[in-house]
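Following the hints, put chain B in place on chain H, whose structure we already have.
Chains H and B supply the protein sequences, listed in that same order.
Mapping the first sequence onto UniProt numbering, position 253 (from 1) lands on 253, and the numbers just tick up by one.
Mapping the second sequence onto UniProt numbering, position 42 (from 1) lands on 42, and the numbers just tick up by one.
Derived from the structure by calculation, the hints contain no laboratory data.
There are no misleading hints in this set.
Pairs count within a copy or across copies, as identical chains cannot be separated in the list.
Under the rule of at most 25 Å between Cα atoms (straight-line distance), these lysine to any residue pairs were calculated in the SDA-like manner: (1) Lys167 <-> Gly117; (2) Lys377 <-> Gly279; (3) Lys403 <-> Pro71; (4) Lys256 <-> Pro116; (5) Lys256 <-> Asn142; (6) Lys256 <-> Asp134; (7) Lys256 <-> Glu133; (8) Lys247 <-> Ala160; (9) Lys403 <-> Glu72; (10) Lys256 <-> Val143; (11) Lys380 <-> Gly279; (12) Lys419 <-> Asp368; (13) Lys278 <-> Pro362; (14) Lys256 <-> Thr137; (15) Lys187 <-> Val251; (16) Lys380 <-> Glu72; (17) Lys169 <-> Pro258; (18) Lys380 <-> Thr280; (19) Lys167 <-> Ile249; (20) Lys278 <-> Lys377; (21) Lys380 <-> Pro71; (22) Lys256 <-> Gly117; (23) Lys256 <-> Glu118; (24) Lys382 <-> Pro71.
Protein chains: 2
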Amino acid sequence: MLPARSSLRSFTRSVLSSFSFSAQRPLSSAMSASPPFHQEPHKLLVIPGPIEVSDDVLYANAHPAMSHVSPEFIPILGDCIRMTREVLLAPTSQPFLISGSGTLGWDQVAANLVEPGEDVLVLKTGFFGDSFEDCLTVYGANVHHITAPVGDVVSQADIAKALKERKYKIVTFTHVDTSTGVLSDAKMIGHLVKELSPETLVVLDGVCSVASEEIRQEEWNIDVVLSASQKGLGVPPGLSILSASQKAIKVFQERKTPVTSYYASWQKWLPVMQAYEKGTAAYFATPPVNLVYALHKSLSIITKESPTLVERWKLHSEASAKVKDACAALGLKQVPVNPENAANGMTAVYFPEGITAGDVIPRLSQLDVVVAGGLHKDIKDKYFRIGHMGVTAVEHQRGDLEKIISSLGSALKDAQAAKNS
Amino acid sequence: MLPARSSLRSFTRSVLSSFSFSAQRPLSSAMSASPPFHQEPHKLLVIPGPIEVSDDVLYANAHPAMSHVSPEFIPILGDCIRMTREVLLAPTSQPFLISGSGTLGWDQVAANLVEPGEDVLVLKTGFFGDSFEDCLTVYGANVHHITAPVGDVVSQADIAKALKERKYKIVTFTHVDTSTGVLSDAKMIGHLVKELSPETLVVLDGVCSVASEEIRQEEWNIDVVLSASQKGLGVPPGLSILSASQKAIKVFQERKTPVTSYYASWQKWLPVMQAYEKGTAAYFATPPVNLVYALHKSLSIITKESPTLVERWKLHSEASAKVKDACAALGLKQVPVNPENAANGMTAVYFPEGITAGDVIPRLSQLDVVVAGGLHKDIKDKYFRIGHMGVTAVEHQRGDLEKIISSLGSALKDAQAAKNS
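Chain H on its own, in the form it takes in the complex:
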């Protein structure tokens, strides 16, 4: 019922929009080949997002002003929608690319897929699960949760038990919780829900996992993957990126109560995404044109150039092993309690006994390496976090990993020497 009215409106708008002609030169293709642009020298940013952005992508972010309804821009956004499906191995899904931060993905899920009073199960492996729960509560969900011990995942047995006790509208989990570096087993969760509660929607928070961790959305029975531009995708922050299964879209279309957000409403965005993909414009809110050009550049590299997506996952895994092995050699203990549940796009490690953030992080910064402190409330002063996503993991000629490892060794040595002196 809801989408019908919206589709009509979108159609009207797309007709109106077609009057904003423009034949600006397709700069994006010219910009693909060795840009004359080189970003300013800067310290290596290896927090778990935002991450280092390539010159090509930054140059696309400096694209001249373009009309959001122009014949040149329409296929750029259309391509981004199509390439999002490729990156998530979700050929039949419906992507949503919306101006906003990753957090907006939670609102999209809570406002479009949950009706007030419905039961939702949140699997928590850190800070971001707490926040997603908070968001779901705002929109009236009846939230249940299972919280893993710090550094651990929620066990298959606990999830199975919960699914047998109650029928949930949605199960959510954080694929990589940026606060702990814990990687949940998306494949296991997707298959388990399908087996025990096939009507339940599975939502993967992939803000810190898309394009750095293996995700096979459709094969793994994941109904929603939500993410953002500034992590594995290697684009500046400002885009909420979400991919919804046709099953999720059907649940949205059949909801009995009105959508409880305006800006995050798929009632508004679905016809816009459909129009741009078909090659016509539609208007609900102005898309972040430059960020879309930047995303287009990055998704083109990921989906069409070498290494392939599968090779990228492997390169992230190798980068992760390299950093984690170096940490082990330095005597640093991982926050994830099981190596199998450690993220490949980031590393969270405890400081050595007697050493604090103030001893290590400023020293790393002096060496031009920017890492992040702790975030999880239970251990916040005891650990720090290193990101190794995107170009840092994939482009070996940059030497980012070597710089991280050698700087970390020097900083720790200096810190310990200072303590002992």
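Okay, now just chain B, sitting in the frame of chain H:
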């Protein structure tokens, strides 16, 4: 009640965030001086937003990746908050700078300032008033409206009558409705509400007016100005920019029911804005770092360089007169029925008899000038729109106005010759 909990959380987060040290070089200052960057050649974009962006601002948008909680970035966002107050002449207001499009400003108003069932009066001068009403309805407001005839404003007498009949929580109006080019009298509305219904909050939708039309938020009794980055402020799209009076903040803080949005909640954003302004980081959602650098560059030019803000308003007025006089000389009738209610940042004019969008707009595009077609449902095929905001109005050496005027003359002449042949 609500903000207290939130403040505590923000404090905790700001402490955590302080562990993400980084001493990246302050590139923004280096980037201020004659950048080596020149954007690609492109057609002149003179739709009523997005508008042409200067090389300096685009270069800032290509800033290297920076941590959103770094000591270098914190004052950049802090400065943007302070400069937003300067641009709006609102020295005591609370700005909110959030990743999202201008539309998100409506959600901020509807979710934070209106409680379900409260009466809101929407003064409508075009398409955008209809949409704001739609948004308010989603969040449960009891919406009343007064709709002006196409091209006209709502009269002072009609507003006064409505204010005497009922007490409204909020009165909203679109300062410049981009669909009609109609400029509402913000000063009159602000003063009238203060006189007749002093408790009512006045909300100005300034998406298409901030930095191109005179706005004196505090002097004129405007409680909320909401805007976006891609119009008069001359930045790529992707930032929702809002300034709330202390009276509005108090109304928010004293609300009896929970805020009905997560992403747009001031409960989340207020402590973040306060922290960045004080010089510490706080986290709710990752800010769009590059767009904030771009906004910083543009706001610095507007508030600190020549021309001054007041001179800018005059330059927009002069640019507008120049374009409107040229249109009159070509026999084109304005959509605004009264010249006093015509925007200074854009021009909406009817096509001559027998001429359509398809005759004129593609011809303008051939001449490298991109304008916009009609948007208001009642007259959509009968008119078109030209934007003259930002650098197009202010930097005479660009010759944008001359190019618009000469191209328009040629395109119309060609279109008429083709009809007559």
